[in-house]
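Student: Residues in the sequence shown are numbered consecutively from 238, following the numbering used here.
Hint data in this document are derived by calculation from the structure and do not stem from the laboratory. Mixed in with the good hints there might be a few duds.
Lysine-lysine pairs mimicking DSBU-like chemistry, simulated, CA-CA at most 30 angstroms apart [claimed, not checked]:
| # | residue 1 | residue 2 |
| --- | --- | --- |
| 1 | K671 | K707 |
| 2 | K609 | K553 |
| 3 | K724 | K259 |
| 4 | K615 | K724 |
| 5 | K724 | K687 |
| 6 | K301 | K315 |
| 7 | K615 | K672 |
| 8 | K259 | K285 |
| 9 | K711 | K479 |
| 10 | K348 | K687 |
| 11 | K315 | K304 |
| 12 | K566 | K581 |
| 13 | K285 | K301 |
| 14 | K553 | K566 |
| 15 | K609 | K566 |
| 16 | K724 | K552 |
| 17 | K707 | K672 |
| 18 | K615 | K562 |
| 19 | K724 | K711 |
| 20 | K609 | K449 |
| 21 | K284 | K581 |
| 22 | K301 | K581 |
| 23 | K581 | K724 |
| 24 | K687 | K707 |
| 25 | K301 | K562 |
| 26 | K469 | K379 |
| 27 | K479 | K348 |
| 28 | K615 | K438 |
| 29 | K562 | K546 |
| 30 | K334 | K379 |
| 31 | K671 | K724 |
| 32 | K581 | K334 |
| 33 | K284 | K304 |
| 34 | K707 | K340 |
| 35 | K581 | K711 |
| 36 | K315 | K284 |
| 37 | K469 | K338 |
| 38 | K552 | K334 |
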Amino acid sequence: MNDFIIINDIDNVAVALRPFSKGEVIAGVTLLDDVPQAHKVALVDIKKDENIIKYGCPIGHATKDIKAGNHVHVQNTKTNLNDVFDYEYTPDFANVKTIAKDKTVDVYARKNGEFGIRNELWVVQLVGCVSGNAHAIVNNFKANYDTSDIDGVYTFNHPFGCSQMGGDHIMTRTYLQNMVKHPNAGGVLVLGLGCENNQMKAFMETLGDYDKERVRTLVCQEVEDEVAEGTKLLAELYEIMKNDVRTTHPVSVLRVGLKCGGSDGMSGITANPLLGKFSDYMALNGGTTVLGEVPEMFGAEHLLMARAKDEETFKKVVDLVNDFKIYFKNHNQVIYENPSPGNKNGGITTLEDKSLGCTQKSGSTMVMDVIKMGERIKTNGLNLTSTPGNDLVATTTLGAAGCQMVLFTTGRGTPFGGFIPTVKVATNTAMATKKSNWIDFNAGALVGEKSMDELLSDFIDLICDIASGKAQTKNEINNFREISIFKDGVVL
Numbered sequence: 238m239n240d241f242i243i244i245n246d247i248d249n250v251a252v253a254l255r256p257f258s259k260g261e262v263i264a265g266v267t268l269l270d271d272v273p274q275a276h277k278v279a280l281v282d283i284k285k286d287e288n289i290i291k292y293g294c295p296i297g298h299a300t301k302d303i304k305a306g307n308h309v310h311v312q313n314t315k316t317n318l319n320d321v322f323d324y325e326y327t328p329d330f331a332n333v334k335t336i337a338k339d340k341t342v343d344v345y346a347r348k349n350g351e352f353g354i355r356n357e358l359w360v361v362q363l364v365g366c367v368s369g370n371a372h373a374i375v376n377n378f379k380a381n382y383d384t385s386d387i388d389g390v391y392t393f394n395h396p397f398g399c400s401q402m403g404g405d406h407i408m409t410r411t412y413l414q415n416m417v418k419h420p421n422a423g424g425v426l427v428l429g430l431g432c433e434n435n436q437m438k439a440f441m442e443t444l445g446d447y448d449k450e451r452v453r454t455l456v457c458q459e460v461e462d463e464v465a466e467g468t469k470l471l472a473e474l475y476e477i478m479k480n481d482v483r484t485t486h487p488v489s490v491l492r493v494g495l496k497c498g499g500s501d502g503m504s505g506i507t508a509n510p511l512l513g514k515f516s517d518y519m520a521l522n523g524g525t526t527v528l529g530e531v532p533e534m535f536g537a538e539h540l541l542m543a544r545a546k547d548e549e550t551f552k553k554v555v556d557l558v559n560d561f562k563i564y565f566k567n568h569n570q571v572i573y574e575n576p577s578p579g580n581k582n583g584g585i586t587t588l589e590d591k592s593l594g595c596t597q598k599s600g601s602t603m604v605m606d607v608i609k610m611g612e613r614i615k616t617n618g619l620n621l622t623s624t625p626g627n628d629l630v631a632t633t634t635l636g637a638a639g640c641q642m643v644l645f646t647t648g649r650g651t652p653f654g655g656f657i658p659t660v661k662v663a664t665n666t667a668m669a670t671k672k673s674n675w676i677d678f679n680a681g682a683l684v685g686e687k688s689m690d691e692l693l694s695d696f697i698d699l700i701c702d703i704a705s706g707k708a709q710t711k712n713e714i715n716n717f718r719e720i721s722i723f724k725d726g727v728v729l
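The task is simple: from the sequences and hints, build the whole structure.
Tutor: So, in structure tokens, the structure goes:
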């Protein structure tokens, strides 16, 4: 087994796959420093201001002369990135193939033609003030009804729905409306307070097409006992949805979000490339994947733009990237204040380093569409969407777009889960073993244990089992389910 990797033939750094000590040798180069696992070492002398090359692309420049064998990291490397750019459409499409065969999944066919991978009963809160009431209703219902024939009864706290204006108010309403219509919910009780900005009447009037048989509403201030009334309404929904059954359909009915968090130097070597292969598999079989985290496209956006299916889509990608940079500037924030301390400890040095690894989750197929924050998926294949890197906001946004699950790679480990199943994919075996109560799949097996084709086959099997209800994600087992809604403006 190799204990280092040179990702691209033109790279001038290698990545350590285990901790190395000063004096050991990597690729014929004697180390002049200790090099932690997943960190970089110079393969040649690199002069001050010369580029550091990894993934075949610059990830920054040397801030001082670096000798072959030196540890390459924040002490001697700085980003090349700055400000908003103009871009030119230069298509570069790969001839993508997959050895993985098309599979089927057993899912819930909904009346509007969408498919759920869960049949859950939800209480969607219009305003944070009713969080306690929502939990009381759920707990009372579960205490009085056997719900073993559905996939669970849940509510999701959030602090908004009031004291918001303009775009933030509309964004909150849109996220919650998309949740009401999400195919993983077989029934939904919409719960309001009565005096909030996010009024029930306007919410329902702007909800659009929805299955009226599967949605109930309750305004707490309008009834004497909201727990009793809410329990009654959940019972009505339960009686309808308890008869829903899974039916077999092609894997193409899946819509899967792609996300990473707590990344390390192995993310771009193991877990993210695995998700990229899975994304290609989905696209080639008519399915859908969605990549967010726009700030973690910075420095690698040119690779995504070159894969835009046409010039119109290319312009959407440009707007996606530049609009997020303008958002940073409007708040007087440094665009490239990234990666995080945990990323750096894990071996990621600059935002280019992080982004070139992060965007590998998108695979190699064409970018078929770009959807704005709060919009729902319209096109099969690989989509991009506007989200920040923040784990909770990005995962919630992917779910609100219509993804039935999110695949989440992590090198440092993270326990959270979204309101949809959140599959944690470890970048390294040590962390996967240590935090087995968080991790669903170990992509660290790519280092010396399994080939990419073998691991991809195992991974597809797991995703199909999760989609078919044959397996639960760790966030579901732990009952870690959260939402976080993007905000831009003031809170009144």
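Student: Run the structure past the numbered hints and jot down the numbers of the failing ones, going up.
Tutor: Violated hints: 3, 5, 7, 10, 30, 31, 32 and 37; rest satisfied.
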